[in-house]
Amino acid sequence: MPVLMASSRRELDSQQFPWPILLAAPLLAVFLQAYLPLRYPRLDVFDLPLLVVIYFSVSRRSPIAGTLTGAVVGLLQDGVTHQPVGIHGIANTIIGFLAASIGLRIDVDNPVTRILMIFIFTLVDSFLYLVIVRHLIAEPLAWSWMHQIVRAAVNVALGLVLFAALDRTRLRG
Amino acid sequence: METFLERYKNIMVLSAVLLAQFLGLAMQVRTSAARGSDGKGVRLLRYWVVAMMSPPEKVMSHTGHGARGFWGNYIDLRHTRDENQALRAQLNQLRLEQAALLEDAKQGHRLQELLDFRQKYIYATVPAQVVGTSGSDQSRILTIDKGSKEGLKRDQPVITPDGIVGKLVEVFPHTSQVLEINDQTSGAGVLLEKTRMRGVLRGNAYGQPQIINVLPDDRVKPGEKVVTSGGDQIFPRGLAVGTVEKVVSDPDREPYVDVVLKPAANLQHLDEVLVVTQTSDQLPAAVQRDLAKSEAAGAEEMEMQRASDILAEKLPGLQDPNAPKVEATTNADGVDLRPLKPLPAAHPDRFSPSEVRPASQMTPGKASVITSSARTNELLNEGAQPVKRAKKPAVTPDKAPDGAISTDGTTRPDATTKPAPHQNQESFIIPGTATGPDRPLLGPEKTSAAITPAAGAATREQHQ
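Line by line, the protein sequences give chains D and R. If you read the first sequence in my numbering, its first letter stands for residue 72, the second for the next number, and so on. If you read the second sequence in my numbering, its first letter stands for residue 1121, the second for the next number, and so on.
Note that these hints are calculated values from the structure, not bench results. Please read all numbers here as calculations on a predicted model, not as lab measurements. Positions of the beta carbon are idealized from the N, C-alpha and C atoms, including for glycine. A few of these clues could be false.
[As the list claims (entries may be wrong)] Here's a subset of chain R near chain D, in silico, CB distances under 10 Å, partners left out: (1) LYS1129; (2) ASN1130; (3) PHE1142; (4) ALA1146; (5) TRP1191; (6) ASN1193; (7) ILE1261; (8) HIS1294; (9) GLY1327.
[What the hints assert, rightly or not] Computed footprint of chain R on chain D, listed as stretches where at least three residues anywhere in the stretch have a Cβ under 8 Å from a Cβ of chain R: (10) 88 to 94; (11) 108 to 117; (12) 125 to 131; (13) 173 to 187; (14) 191 to 199; (15) 229 to 240.
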């Protein structure tokens, strides 16, 4: 476990990104999430917007920025669904806050950390979604935890590639 | 105070953002419960998001469509000529089949009018291209590139030639959102084709459409077709929905079961869809023209068939009494592949047509009608009784006697009979003959060449 924790000041520094990347990446993630399943329906198991929220939240290490990033991306996701606006918004807001809070304590560049982080946050996001839909707005929702575990595993694989690609956009201090 | 705010600012921001969203969510649920649709604020947010996402989606979609179209329409044209010929042949065949079914359809319409039943036909559609999805496996939404400017309205049905897709839930000026039938919040009235059971269709967690709250019934089998019932006032009656895939028990609502369907339309790969913008009691003019064309083609085919049968009567030698029997065949889907034309003779008749005199020359009570046949004499001696038949109309297909004997010496079970030139002619009831114990033996003039498809179908059922 100590391996996963930040061991140097450098590992705890917040990462800076060019503002076009901060603006375009979430939008591109929401767009691809809406467009790709049209051509490849199986790709709807991915959650690109959630991965982007996790990445920017843990990298910037600012709970407020993470909260706002999660809220904006979640509301954009809700806009293209038929569900009430706020379901993904609330879930992603909480994920953004938690990811940024954890990013203050652990080494987020470590691949093992990333695997655990993405897996757990994806499951937490699913749990929040379930609670909101089934218990908060009381809509019928069939659920399979096995499907959610598979979904989390698939997102881990995508997340590792995506995080490595986004690492290249960081501003070098 | 400053320290408190500084210390808890993260939590406070989080709480404020969450509180705002919770309040918004509560208001939406309340509004949609009261109105059945989103409020203005939510609709505005959706509009902005869709307006932001749809231009690049349209560009990507049209680019891909254009590239595929260029390849398919200008480059990859191998086998097009053969395919064209095959399609023409298929079209002709379908025209004949359509003509054959037209009579049944007309009869159905007459009965519907008698019952004051109003059938809705799809009168006008708007083709649209699918440019996006919701991106979530919990919300089955499609975005199409047509909106209110093209005449679309909320709740209009969206279909493909294969089957129904969903209905419009949000209509913006240039785009619309379609709620697919496999979404968990969708609902459509459906009808099982064979068992005539009605139900409500909606999606399950795995994106499969299913009929919910169905009482267990052994008659519901996989493969049964499901069509729209028209009860939801959205989808016109009789559109294909899918086929039954399996029946599963519903653990939450015992003893009800859910009937899981395989959708007729390929919901996973939709490129183009049709939005039904207008329905009518009358068939569209184009369809009426097409039906008239098919009817004419069918009449022409019937005329040719009749002419060939008359020729066969005149030249009985052209008929092969030992023609092979056509076996009943069905393909893997259970579709009957047998032709609509009448089946060949089941077995050769014992009476030679050349030895039978025309009905006009027959005399009631005289045994000399078929005296040249030793076998007939034998039968007559066994108790043939002449029967005077009163004026009798042509035998209708559903009343056609089994085993009507044709002039070519063969039994034609599916032949209907025309009125004979002389209605008051005799016929003989010969007990124990091939025509049955108490059925009239028909003379050559009474055997008709007019074969109706309905009669053929009736015969096929008899054969089965």
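Verification of the hints:
1. LYS1129: At 7 Å from the nearest chain D Cβ, R:LYS1129 passes the 10 Å test, so the hint holds.
2. ASN1130: Holds - the Cβ of R:ASN1130 comes within 10 Å of chain D, reaching about 4 Å at its closest.
3. PHE1142: For R:PHE1142, the interface hint holds, since the closest Cβ of chain D sits about 7 Å away, which is under 10 Å.
4. ALA1146: With Cβ-Cβ at 8 Å, under 10 Å, it holds.
5. TRP1191: 16 Å, violated
6. ASN1193: Since the shortest Cβ distance to chain D is 20 Å, the answer is violated.
7. ILE1261: 5 Å, holds
8. HIS1294: Violated: closest Cβ of chain D sits about 15 Å from R:HIS1294, beyond 10 Å.
9. GLY1327: Constraint on R:GLY1327 satisfied, holds at 9 Å.
10. 88 to 94: That given contact is violated, which follows from only 0 residues of the region 88 to 94 of chain D lying within Cβ reach (below 8 Å) of chain R.
11. 108 to 117: n = 6 at 8 Å, threshold three: holds.
12. 125 to 131: violated (count 0)
13. 173 to 187: As far as the region 173 to 187 of chain D goes, the hint is violated, because 0 residues have Cβ atoms under 8 Å from chain R.
14. 191 to 199: violated (count 0)
15. 229 to 240: It is violated: at least three residues are needed, and the region 229 to 240 of chain D offers just 0 whose Cβ sits closer than 8 Å to chain R.
When held up to the earlier numbered hints, the structure conflicts with 5, 6, 8, 10, 12, 13, 14, 15 and fits the remainder.
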